[in-house]
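Novice: Protein sequence lines, in the order shown, are assigned to chains A and B.
Letter by letter, the first sequence follows residues 170 to 587 of our numbering.
Letter by letter, the second sequence follows residues 170 to 587 of our numbering.
Note that these hints are calculated values from the structure, not bench results.
Because the structure is a prediction, the values reported are computed rather than measured.
Cβ atoms here follow ideal geometry from the backbone N, Cα and C, with glycine treated the same way.
A portion of the hints provided could be inaccurate.
Here are the simulated lysine-lysine pairs, DSS-like style, with alpha carbons at most 25 Å apart [as the list claims (entries may be wrong)]:
(1) A/354 x A/472
(2) A/354 x B/301
(3) A/472 x A/284
(4) B/257 x A/354
(5) B/452 x A/354
(6) A/284 x A/581
(7) A/541 x A/480
(8) B/587 x A/392
(9) B/452 x A/587
(10) A/344 x A/480
(11) A/245 x A/490
(12) A/314 x A/284
(13) B/354 x A/452
(14) B/568 x B/472
(15) B/452 x B/176
(16) B/354 x A/314
(17) B/587 x A/452
(18) B/314 x A/314
(19) A/284 x A/474
(20) A/587 x B/392
(21) A/253 x A/581
(22) A/452 x A/490
(23) B/176 x B/480
(24) B/354 x A/301
(25) B/490 x B/480
(26) A/581 x A/474
Covered stretches of chain B (in silico footprint by chain A; criterion: 3 or more residues with CB under 8 Å from a CB of chain A, positions within the stretch not fixed) [unchecked claim]:
(27) 319-327
(28) 339-346
(29) 351-362
(30) 443-455
(31) 505-517
2 protein chains.
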Amino acid sequence: MSFIETKADSDFSIHNIPFGIISTSQNPAPRVATRIGDHVVDLSVLAQAGLFSQIVADAQGVFSQPSLNLFMSLGKPIWTATRKHIQKLLSADEPTLRDNQDLIQRAIFPISSIKTHLPANIGDYTDFYASKEHATNVGIMFRGKENALMPNWTHLPVGYHGRASSVVVSGTGLKRPNGQRTVVKGEAPQYGPSLRLDCELEMAFLVGTGNDLGEPITIQNAKNHIFGVVLMNDWSARDIQAWEYVPLGPFLGKNFGTTVSAWVVTMDALEPFLVDGPVQDPKPLEYLAENTASAYDINLEIKLKPAEGTKYSVISRSNLKYMYWSFNQQLAHHTVNGCNMRTGDLCGSGTISGPTEDSFGSMLELSWSGAKDIQLEEGITRKFLQDNDEMILAGWCEKDGVRVGFGECHGKILPANK
Amino acid sequence: MSFIETKADSDFSIHNIPFGIISTSQNPAPRVATRIGDHVVDLSVLAQAGLFSQIVADAQGVFSQPSLNLFMSLGKPIWTATRKHIQKLLSADEPTLRDNQDLIQRAIFPISSIKTHLPANIGDYTDFYASKEHATNVGIMFRGKENALMPNWTHLPVGYHGRASSVVVSGTGLKRPNGQRTVVKGEAPQYGPSLRLDCELEMAFLVGTGNDLGEPITIQNAKNHIFGVVLMNDWSARDIQAWEYVPLGPFLGKNFGTTVSAWVVTMDALEPFLVDGPVQDPKPLEYLAENTASAYDINLEIKLKPAEGTKYSVISRSNLKYMYWSFNQQLAHHTVNGCNMRTGDLCGSGTISGPTEDSFGSMLELSWSGAKDIQLEEGITRKFLQDNDEMILAGWCEKDGVRVGFGECHGKILPANK
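Build the full structure now, drawing on both the sequences and the hints.
Specialist: Below is the structure:
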């Protein structure tokens, strides 16, 4: 369908057309690109050639930015028109780009030759807690069965503010954090490297256009403000978190690093995969009430390669459709008090756990707080992450022969500072 | 001491020399200024005249910025040298500026003729919880006497991430937030305007120079990274907060707005007011251990003008010296896990309550959760804030005839959206 070859199982078919930030050794300035199959298309070069002149005013300026923020700030009609136009430019029966060898030479690179960068300049990062299964599992482990799910949980999408500065792009190594934690419960805390380092399987949306302080985004309008979605690994030091988190929430147990995938998949690309979400009981208050399908059927996986092993093992298979509160509900709730969102703000879903043990979205749940081993290939086991372990989160939609995916969200745990 | 008149009780004597961002009707571009007495000095104009050429490379570029970030990123030796140089330029016995009427005309304006702006481009905003009296008081009200102070509190400066986008400068009106809250405890939540809208008396420091991800700032180095201090009102909707905050901390109860004062008082200006802080028991772990005085003797006041009244009443008198954990300890703790700070990051102290009832830093504490009236002048009372109430936080140091202060942190509560 495109003149650029894409394998049948590629996340980046012509139905996708995600946006990201790349650089090359020849041109180290980060700039906007899309990806198709195993190639990237430098949109700043296409813009320079005038190929977006009918769609985006000052396209060259917009696509030469080191983040997607300026493009995202232009609003949904521009996002939609741009993606459609790129689909047309890349299609097999459209000669404009296909037959311009010079332009292809300058604008299209194999994925192996480019570097990806953080796609957005993130002003604020919020993390929700929108999977009922995850909230229940963690609640049981942190507070016991009786206090597992707090009374507010089924009434609102619980969320908290995270740290924007330490959000990094897929492929970035992160040091194991040092910090204060109790090694034996009830005893005085000690300083040292986290002994219970964990992942969290999440997806996150990027706010495309925001709102003024004091002017909420309604549930009806929410979808027009959301630009796209990435995979997110909300690395968590469970021992640091458990000691510090009362009463004001997670802090140093989380803010040493959060990894997002490099390619932002647009809501337009995901629209064919809309499904009904979980039944919400009690019925949400009016400002959170939706009357159309707003969940997405996105398959998710956690893959772990232990330091002493040679291959990745899938340790969890989950799906975004399990998420109880939708992205639209999260955004409407976030702004109901007048809180202002800005272009580039990142909102994580919270860990996406499914109903079965093999669909849990964190090692905390998979090992049930370290009570049992997670079995990997080659006879290796883990309860939590060890130094030099590598992890990949993956996500993709598939329907009627169309596949749209997210690529990978990769991270490696480096040893702690001495 | 300066050729510009400063009253004896001015917060902005020549011993202060704070930094802020101003604009004027004649030149609406926000830019860097200092304040002395009731005048501001436009540093971009002085830089253009070459007066900083020996101190700051590209001073004109640095002081023409709409935030202090570029100046702050230059590091402590430059901050110190710049302030000293300004003190010299403004002193009565230095003719350079004093005798240049044309330059005075272009660079010095009465405070009544300028507008102040948010002093920094805030990447991340963190709020600590560093007053033992406040944490104890709120703990009793939210969780009962037995669970008031959590076991971790005396071991580490508890903190959480706040919302950077809604930090506004003194003088900005804020709408009363709508949201979800339980009106009768135990019953289903309702949507509506907050019925328990409160202030929090805080101070906050601005990070001048940050650290790379994975490279902590040591307790010994912390003071070199802190640029200066502002007053901060951490407005809080107690009913929204009480319903939402378990288990991940405050969110919509806080992120509808946070007000900071316009003039950043440097650590150099505050150095004469260093005092020993509260005795810390248990002794902090080594990464938090300090061996010099690191608390500041800063008098603080909350003043409230009720909508139906004509004047401000002082409702609380507190002092920053009551804060249990120092700014240096907060910064060392924040980065001990490798979390990266960036120039312009804002770190709030948490509510600064003193030991006596008239020194509590929030109306929640002053009215003991609404159990008693706060008495204002003209026979008016309050438990929480009503629409069109105005509040001023004030702060100043005084010693040996030298006064250094913060001006005011003003806010007005506007009616909620219908």
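Novice: So which of the earlier hints does this model not fit?
Specialist: Structure breaks hints 1, 4, 12, 15, 21, 25.
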